[in-house]
Amino acid sequence: MKIVRSLYLNNRLFWCVGVLVALFIISFIAGDFIMIPKLLFILLLALMITDLLLLFRVRKGFSGERMVPDRLSNGDENEIRIPLQNFYSFPVTLRLFDELPHQFQKRDLEFHLKMMKGERKVTSYSLRPVKRGEYSFGAVNVMVSSPLGILSRRFRFSADKLVPVYPSYLQMRKYELLAIHHRLTEAGIKKIRRIGQNQEFELIKEY
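No gaps in the numbering here: position 21 of the sequence shown is 25 in the working numbering, and each next residue is one more.
There's no promise every hint is true.
[Stated by the list, open to error] Below, a list of computed lysine-lysine pairs in the DSS-like style, where the Cα atoms sit at most 27 Å apart: (1) 118 / 64; (2) 6 / 64; (3) 165 / 110; (4) 165 / 64.
[Stated by the list, open to error] Simulated DEER-style distance windows between Cβ atoms: (5) 130 / 163: 20 to 30 Å; (6) 69 / 135: 35 to 45 Å; (7) 114 / 60: 18 to 28 Å.
Please keep in mind that the hints were generated in silico from the structure rather than gathered at the bench.
Nothing here was measured: the structure is a model prediction, and the numbers come from that model.
A virtual CB, placed ideally from N, CA and C, is assigned to each residue, including glycine.
Working from the sequences, and respecting the hints, build out all of it.
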């Protein structure tokens with residue numbers, strides 16, 4: 005049952021089935037060449053079994069993880085990183101879907117990638133929350149296909165993570181760094197110097 009829940013059919017398979025149906029209809033009408041679609045049907049079944057074995061013969065063929073900050077900064081762009089690794093002994097193509105919190109109202113976040121055997125890769129994107137509160141992330145879904153491209157195996161990672169959104173602490177941190185480096189004037193903020201904070205001999209006047 006676990007294999008069935010992780011198994012998906014690709015568009016390439018439907019195209020092949022459509023061509024086979026058309027060939028069967030043509031051969032039935034013409035009354036000839038019936039062996040050609042039969043042989044192609046057997047070939048398609050063999051390719052499906054081969055693709056199934058390629059994708060499911062190893063338990064851990066693929067890994068990934070969503071890396072989210074412990075808190076998100078309200079009104080700022082927050083980077084989300086997803087490191088991926090291909091453990092298969094062949095190149096794979098994949099589609100990656102991330103289940104974002106409902107506050108973003110975004111359901112079309114999708115990435116198309118190709119990875120060589122043993123390759124590590126990091127994909128990233130940014131989120132800009134506009135409201136404080138707790139944001140619930142779903143799972144990262146990765147649909148992996150072999151070079152045959154007939155079937156896909158689904159992997160799920162980093163499910164159900166709750167991340168709070170705080171006021172714009174990224175901007176606050178930026179101003180703190182500016183203050184440390186005496187650059188508040190660059191942000192339009194004047195720095196008032198008081199007596200006692202001046203350098204030595206600064207208050208000595210010339211006569």
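Results of checking the hints against the structure:
1. 118 / 64: holds, 18 Å
2. 6 / 64: Since the Cα atoms of residue 6 and residue 64 sit roughly 14 Å apart, the hinted pair holds (cutoff 27 Å).
3. 165 / 110: Between residue 165 and residue 110 the Cα gap is close to 17 Å, so the pair holds against 27 Å.
4. 165 / 64: holds, 22 Å
5. 130 / 163: 20 to 30 Å: With Cβ atoms ~21 Å apart, the hint holds.
6. 69 / 135: 35 to 45 Å: violated, 26 Å
7. 114 / 60: 18 to 28 Å: holds, 24 Å
When each numbered hint is compared with the structure, a violation occurs for hint 6 only.
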